[in-house]
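Asks: Throw the hints in and build the complete structure from the sequences for me.
So the protein sequences, as listed, match chains W and H.
The opening position of the first sequence corresponds to residue 1 in the working numbering, with each subsequent residue numbered one higher.
The opening position of the second sequence corresponds to residue 1 in the working numbering, with each subsequent residue numbered one higher.
Hints in this document: simulated from the structure, not taken from any laboratory.
A couple of the hints might just be wrong.
Unchecked claim - Beyond 10 Å from chain W on every Cβ pair, some chain H residues (computed):
(1) Asp108
(2) Leu271
(3) Gly411
What the hints assert, rightly or not - Just the calculated beta-carbon pair ranges, DEER-fashion:
(4) W/Ser178 <-> H/Lys320: 32 to 42 Å
(5) H/Gly198 <-> W/Lys155: 24 to 34 Å
(6) W/Arg55 <-> H/Thr455: 32 to 42 Å
(7) H/Ser52 <-> W/Asp49: 21 to 31 Å
All C-beta atoms, glycine included, are put in the ideal place defined by N, C-alpha and C.
Listed here are the chains, written in short residue letters.
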Amino acid sequence: MQAIHHIRSRTVVLPATDVDTDQIIPARFLTTTSRDGLGRALFADWRFDANGNPRPDFVLNRPEAAGCAILVAGRNFGCGSSREHAPWALHDFGIRAVISTAIADIFFNNSLKNGLLPVLVDEGTHGWLLAHPGAAVEIDVEATTVTLPGGRCVKFPLEVFARHCLVHGVDELGYLLSRASAIDAWERAPTR
Amino acid sequence: MTALSMFEKIWRAHEVMPETAETPAVLYIDLHLVHEVTSPQAFTLLRGRGISVRRPDRTLATLDHSTPTDPQQVFGGVPIRIESAARQVAELERNAAEFGIDLLGLKDERRGIVHIIGPELGATQPGMTIVCGDSHTSTHGAFGTFAFGIGTTEVGHVLATQCLLQRKPKTLAVEVSGRLAAAVGAKDLVLAIIGQIGVAGGAGQVIEYCGEAIRGLSMDERMTVCNMSIEAGARAGMIAPDETTFEYLRGRARAPVGAAWERALDDWRRLPGDVGVAFDSAVTLNAGLVEPMISYGTNPGMVVPIGGRIPQREDEAFLKALRYMGFEPGEVLAGKRVDVVFIGSCTNSRLSDLRAAADLLRDRKVARGVRMLVVPGSQQVKRAAEAEGLHDVFTAAGAEWRESGCSMCIGMNGDTAAAGHYVVSTSNRNFEGRQGQGARTLLASPATAAAAAVTGRITDPRELMA
Ligand code: SF4
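Replies: So, in structure tokens, the structure goes:
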């Protein structure tokens, strides 16, 4: 995996709460056997109308959203299905971080494994971000801070090992494979 | 010694390496269930790195999500209509053969929805850690397992190492006292629980369901409850094993036999949490107060008793959900039009669910203009239902009787409802577009779904039982 140190971008704001992964990428796009090119299916039913034309009023279709790598989302983003296609689609679309007050468990985990940083902030910071779409924000992964325009800097929680993997580009599978002797020993234990 | 919860006991027994401040635990996985949708990219990764599957004997694959339920496409020699789904099925067949994994193929009599077949085959056993690239893996917790959904990257980790890197989650006790009233089912109970704690109420936690009402549930019902733990945002749900659990497992194809069975029973009896164990948090509920429930919005926490009214709220998320559903705040749901009824999914497609639906449909007809689809959870459920004549009840009433699979729960195989249509569904998710673009899902029990099929309206099933 590629190491990530900083993410600097203007934000795009999607304030809806409880956005489930069926919205992030509808099930009909899951009959793929690849993980590439899913950005076109991102929020398909919100981005496009029944004839496949972009809905001009949806935030990700607005000209200001072009090039934004930070998505500010409502509470409980990514709930529902475990489909890793959701972070794949966001990443392929160009999103590198999701900021919210709550991000669902499996989606949170899946994101970390795909270079998409889930960032949890307090209500106050979140409220400010929701009210200021397009704000230029900087995320420092190693320091686990989000810096808002004007210099206000807030910490966010990130599990130590996950941070280590992101900052150093460590591949978790490689780490697990390097523990093979411990796994062998566990499997051979007499109680099993 | 400190009192341990059941979760804690299972966790400790599977720590290959315990967690430290710097590193998560390396947790051993006893059973890995695989299906065609979330596995192809994981096998590609293994192939690319030249890694084999560490424990094919602990891996079981099935076809369910994108597979057809039309008998012609399964058994009749007609090709799978959706080309990309056909490719996905072929890819899992190839991967299973290449990596030496047991696959219950399309025509296999043991095939079915992944969370139905694990228990049905006796592969799901108390005390296990079980994972699958599917969020409803929580279903298996009904047997006193720690079972949870993972993403495709982690599917690759388990295939390669039989382990996962995990931080220990917190625990939440949901204690349900009393008894469910007549005509109120496990689905109603779990919808009431989610309605109470909310769709993020279990976030980051493992729920242990306990109390008199839970002890009184059959295994089918316990699975329905644990299945929907994820809809409360929980990582897993679990119920302590007891005689009901052991009776269910005895004699199943993959359950231990003879002396091994006796040894397993000894182990399983030690699994329930110790007296005086403390949970990180707890909620209580009285089962006696639960009524048949139905959802009105676009997440499973938006539920009311079937005779109730949609709440009056002003917030944008709530109003957006109601706009999608075509409802107004404060409206009564009973009596509203229904277009489609779906009986199926890993929540409610076991034999007892089909019986509950058939009991209401017997000597009745599906209302004019209503399409009713009955999709058994597995081929074994299908054959058992046919042996009792349930399929005759459904087809005589005018319902479609299908081969097993996820079907309209997720709509990947072409079983979908039209935009604007109302679907009373025994599945678990009423998200926008889940059952077809623009389709509107109302989650309910099999009895409530069958009642809607008969009247063509949202109906309290107790009215048809009198
Ligand atoms: S029946 Fe529905 S919820 Fe269950 S595994 Fe299939 S798609 Fe998922």
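Asks: Beyond 10 Å from every Cβ of chain W: is that where the Cβ of H/Leu271 lies?
Replies: With a cut-off of 10 Å, H/Leu271 remains clear of chain W, as the shortest Cβ separation is near 15 Å.
Asks: May I ask you to test the hint 24 to 34 Å on the CB atoms belonging to H/Gly198 and W/Lys155?
Replies: Cβ of H/Gly198 to Cβ of W/Lys155: about 27 Å, so the range 24 to 34 Å holds.
Asks: Against the range 21 to 31 Å, how does the distance between the Cβ atoms of H/Ser52 and W/Asp49 compare: consistent or not?
Replies: Given a distance of about 47 Å, which is not inside 21 to 31 Å, the answer is violated.
Asks: Compute the least Cβ-Cβ separation between H/Asp108 and chain W, then decide whether it is above 10 Å.
Replies: holds (21 Å)
Asks: Report holds if the minimum CB distance from H/Gly411 to chain W is greater than 10 Å, and violated otherwise.
Replies: It is violated; H/Gly411 is separated from chain W by about 6 Å at its closest Cβ, not greater than 10 Å.
Asks: Evaluate the given range 32 to 42 Å for the C-beta pair formed by W/Ser178 and H/Lys320.
Replies: violated (48 Å)
Asks: Range hint 32 to 42 Å: satisfied by the CB atoms of W/Arg55 and H/Thr455?
Replies: For H/Thr455 against W/Arg55, whose Cβ atoms are near 37 Å apart, the range 32 to 42 Å holds.
Comparing the model with each earlier hint shows violations of hints 3, 4, 7; every other hint is respected.
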